[in-house]
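A.B. asks: As a plain string of letters, each chain reads:
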Amino acid sequence: MSTGTYDDGRGPGHGLLRRRSLLGGAAAAAAGFTLAGCGSGDGDDGAAPEERKKGQKITLSFWSWVPGIDKPVDLWNSEHPDVQVDVETVSAVDGRQYAKMHAAVKAGNPPDLAQIEFPVVPSFLLDNALMDLSALGAARYKDRFVGWQWQQSVFGKGVYAVPQASGPMGLFLRQDLFDKWSIQFPQTWDEYEEAAKAVRRQGAWIETFSPTNGNRFAGLAWQAGAKWYAAQGDTWTVHIDDEPTRKVADYWESLVRRKLVKTIPDRQNAWYKDIQTGAIPAWIGASWGDALLAGNAPGTKGKWRAAPLPQWQKGANAHANWGGSTTAVFAKASYPKDALDFALWLNSDPKSIALLIDGGYGFPSAKKGYATSDLDVYKDFFGGQAYSRVFADAGAHVDTSWQWGPGVDTLYQRLGDAFTEALDSGGSFRSVLRTVQAQTVSDLRGKGLKVESGG
Amino acid sequence: MPFLTLFLLCFVAPIGYAVHQSLHRTERTGPLGLGGQEREVFAGLANYAHALADDRFLTGFGRVLLFGVVQIPLMIALATVLALLLESASARGVTFFRSAFFLPYGVPGVIASILWGFLYVPGISPLVEIAGSLGLHVDFLARDTVLWSIANIVVWQFTGYNMLVLISQLKAVPDELYEAARIDGANAWHIARHIKIPLIRPALVLTTVFSIIGTLQLFAEPMVLRPLAATIDSGFTPNLHAYSEAFVSNNQHVAAAEAVLLAVVACVLSFGFLRLVGQRGNGSDW
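Chains as they are written, first to last, in the numbering used here: chain B, 2 to 456; chain E, -10 to 275.
To give an idea of the chain B side of the interface with chain E (calculated C-beta under 8 Å), a few residues:
#, residue
1, D95
2, A100
3, P123
4, L127
5, D128
6, N129
7, T264
8, N270
9, K274
10, T421
11, L424
12, K448
13, L450
What the hints contain is simulated information worked out from the structure, not anything from laboratory work.
Virtual Cβ for every residue (Gly too), placed ideally from N, Cα, C.
This is chain B alone, in the form it adopts within the complex:
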């Protein structure tokens, strides 16, 4: 009995493995750097996935948490009676959607398609969970999307997902309160610190440093010029404890120690309450934050403005990205060609983009099919400001050489745990970086990767 169970757990991967090794080996020999022999020969256990026969009706499963995603999917379904897409909404709180996806991959029954953020694409690749779309000719569609966002899911010659949206970062502020307190919108981090002091004198807190929000911390390090991962040959180098990240860590530690910022988790009930009452009049967020603010603090309508991220050097124009999403096709998808067609349509068809914008999904990865002004969905909430221009400009100045590596979800958790501990025990934020750097190197080695620790 028990032997049977072992096979159940390993069986699907097992059969796949042998074929994949062969294909992978051949491809690697040919290309030097190639990922998995997925593509057309892969998918279902025994037989290669057939192409859909003309007139055959199929249903694709799709997991997503994007607000309003059902609208473009409904449109697709009405236009494509043969290829129906069934959306399942998954929770995006605390990365629970990925827990579910990892479990489904492990169990051998993942959906055909899913929403996966840029930073976690490599984690899924590590488990051979995603299909190499280049075998289906995906590279031909590259020009439909913003170059660096397309590159987020390209590893070697493989294309592993279709980009959907990015999240250029910016600073949301309460214009009315800053005016009332005669505080200027900060343009540099020095000015931000002065603003924090001034806000504190009014009895409020400019912001919170949410210790568990590794996503945002990564964005701030990115802006400062950090590069946490690098890949060379067959080796990853991890650089979390580098000079730019230390600068960011020192800066926030100093604000935290002088009690100029709160340390509650952001985007939670207590934080929303503070946002609504003006106890916190600013938020370093991303373009998709408009929907969050408008949805959770309706009473502050008309009082918010968006401004560029404060700069380390006056007059500089350095920006970063928080989040960003793709639509990925899983390696086990039964009809990969149709799945790719859907992913391309969803993220580049003007009608679909219009519906996604209505839902408030972030900054489109597609080059065409929208104008920046289309994105000002919550214009009234921002007092009529054309706030998307701020994010468009930020998006145009993101340092696109930043690269994500495998295990980013673990890295975020490590950062959260270490910051939590530092806040509690008074440990320095620099020691957080040292700890997480060492942990990440060992985590990746534990996964069987070649890793070096960079300075």
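Following the hints, put chain E in place on chain B, whose structure we already have.
C.D. replies: What follows is chain E alone, placed relative to chain B:
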């Protein structure tokens, strides 16, 4: 035979699978490890060594043990007092109170944690607000208090359940015993102390063992409160740690080793407790 099949399928197989997983690891080859070949190889006790070398995992154990040492006696004592009061001769509204105390057990742990979460979060909690208006600064989610805020949820949930187990044993005591005691001049306190409590000893042992196991499995409460409190880390309890290993870091093999370790500790503590009370008592109960 049907029993044996079920036993093998539902009990032996999952445990066997967990043990098997815990003794293997994934080996990856290929450029950058991404999408290369992947195979499971025998790892010996490496996963166990990895788990035991993890400070956070061990701290989690320390935390739940501390939790259990405080919370279990408190809860069992409270359940006993409630059971004795409800089963005393002068009790009124017994049915109502019995159901009322039992009711929280019917609320799933996740929902209970969300409910209490609203009462804990500053800025929203009426409790914090009332305390604040009285000049008291309370923070239910601070580093020193959050464990006991979780204990409060667990006590709230399970006291009524344990009380009911104790009551059912009390009901099994023949009335003649009480009558005889009363004739001998025993008052209500004497009866409770010398007759009722010794007679419900098996139920007390049972509820304590359940609580020990439950404490080690502590998961839903910290999991739900985690996003609200920057004081609960990913290894707050061993169960949470195993969950993070399995589903955040995708290290099923290490998670399996941690689960096996957790089961071993639960076994040792439960049987240790049974032995302890078995030696101390007259040996006839258990």
